[in-house]
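So the protein sequences, as listed, match chains A and B. With this note's numbering applied, the first sequence closes on residue 185, and no number is skipped along the way. With this note's numbering applied, the second sequence closes on residue 327, and no number is skipped along the way.
Hints listed in this document are in silico derivations from the structure and should not be mistaken for laboratory results. Take the hints with a grain of salt, since some may be wrong.
Okay, derived cross-link-like pairs now, DSSO-like style, lysine-lysine, Cα gap no bigger than 30 Å in a straight line [unchecked claim]:
| hint | chain 1 | residue 1 | chain 2 | residue 2 |
| --- | --- | --- | --- | --- |
| 1 | B | Lys129 | B | Lys226 |
| 2 | B | Lys129 | A | Lys82 |
| 3 | B | Lys217 | B | Lys164 |
| 4 | A | Lys120 | B | Lys28 |
| 5 | B | Lys127 | A | Lys82 |
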Amino acid sequence: MQSVFDRRRINGPEDSSAPIFADEHQKSLTPDLYKDRHNRSVSDIRPIFLQPGLISQANGSAYIETDRTKIACSVYGPRQSKNTAYNEKASEGPTSEDRSIAVAIQQALLSSVRLEHFPKSTIDIFLVIIEADGIEGCVASGSIAASTALADAGIDMYGLVTSCTAGKISGLIQHKKSFSMFRRM
Amino acid sequence: MDTVLSSATPSATDVNSFLSAAEKEALKAATFQRLHPQIYLERFLEEKIRPDGRSIADDENEDTHAWRNVEVNVGSITTTSGSALVRLGNTTVVCGVKAEICEPELDNSDEGFLVPNVDLPALCSPKFKTGPPTEEAQVLSERLNEVLGNGMIPLSSLCIYPGKSAWVLYVDATVINYDGNVFDAALLAMVCALKNVSLPHAEFNPELNRTICTRPKSDSSKPARKLIIEEDLVPLSFSFGVFAGSYLLPDPTASEESLLDTTISIILNTRARILALSQLGTGVDKSEAPGQGVADIPHTREADTLARCISLAKKRQAVIMKKVYDT
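Kindly generate the complete structure, drawing on both the sequences and the hints.
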């Protein structure tokens, strides 16, 4: 990856790249569906570990782990908004590469939170993706973590949000897929 | 009892009617802490105890409870070459090491690179916002870079082919929960992550001008290897806060940290020898007379405080060594 010199961080060499492995071209092109899915049937999902309350500094938090996806989420709020105009529509998150994940999660959560109870306030939801196994997995796990963190913070909601990804391979619908399988679709 | 049924929006007095006596006391204490944090801490220290229940280390033999519980977990992040998660009480830091290939610098053609960085995201504490690294993050990264760059990983061991190819290790720590003493936690996480790193076998091909690696376990004649580590230079940090010029608080929490005037860090190696000392802040009250707080603590002079910090750090080091080498 080409690293831009950032004076706010410790910088490495100008240019570095991920290691190239000798057997890259030899990897099988046909998907090994059964090995990836660890003996799960088509409609099974991976086991989930979900724990609220791990981040003591936040108003509410949740940590979710599903196989290789690990996401920590914390909720701060309701906090006073910078612009005090009454705003029913939640404002947008920070600009970053993974803004698409943030937008997707926000859309999932928006209808579940009773924002009318928090005029002129902002509820901040921050997620740190510690390990990712595909973008879709991040959106799914992130939504669950965010909803749990909101509940842990005591924010008024209509209900909890749950989420799952599914994909179609050769006409078969499979649930909770991993990144390597998406590459082969 | 009527108040429960009558009003649609609860008023302040209604809230109190829901709380038990113990909860009301807790609310009063929390309010006092918000309004007068300094006096709140002083009241605890006068009773030889800290707000989170730990004792003050005023007698060298009774320091076992002065430090928070440490938990270390390595190797759980599969997308990295090495990883570690460290919990120091509530302070949680996760660190991952990414190994990439690059060209060495012209004047250090047989050396690789070690690039540590700490990230303080908005998630870990209400005092941080999203955006570029804050001053605190930059200072932390710089301090960690100094300590790790001391020779723990000989950079020549990261060379693959002099002048052409070398490893660069990006050591990225992210703080998940900021409850004080992030420097100690981040350093421990980085050290454990580096110990966990497994580098694939790499060969530079001069004809193709490319470095080719071998997947671990695919070829037994080209196995993956652990990093070469100079054990005598492996750093472990032990930080102390000085409050009101006279109280010494090992391993400060976030609420204590904001009230400290000085932080002293003792960095020891695996044999409990001193690698580095650092002091940030105005220093210890040098006078022999008691400080402005109630000073029941005997030693308030600078040299004595430093000596006490060093001896407490050495005692604690034995405990941490078991955690680091048992994982």
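* Asked: Keeping to a limit of 30 Å between CA atoms, is the pair of Lys129(B) and Lys82(A) held or broken?
  -> 13 Å, holds
* Holds or violated: Lys217(B) to Lys164(B), with C-alpha atoms at most 30 Å apart -> 26 Å, holds
* Agreement of Lys129(B) and Lys226(B) with the hint, judged by alpha carbon distance not exceeding 30 Å -> Violated, at about 37 Å.
* **Given pair status - Lys82(A), Lys127(B), alpha carbons within 30 Å** => 16 Å, holds
* Satisfaction of hint between Lys28(B) and Lys120(A), Cα-Cα up to 30 Å -> 27 Å, holds
In terms of the numbered hints stated before, the structure departs from hint 1 and from no other.
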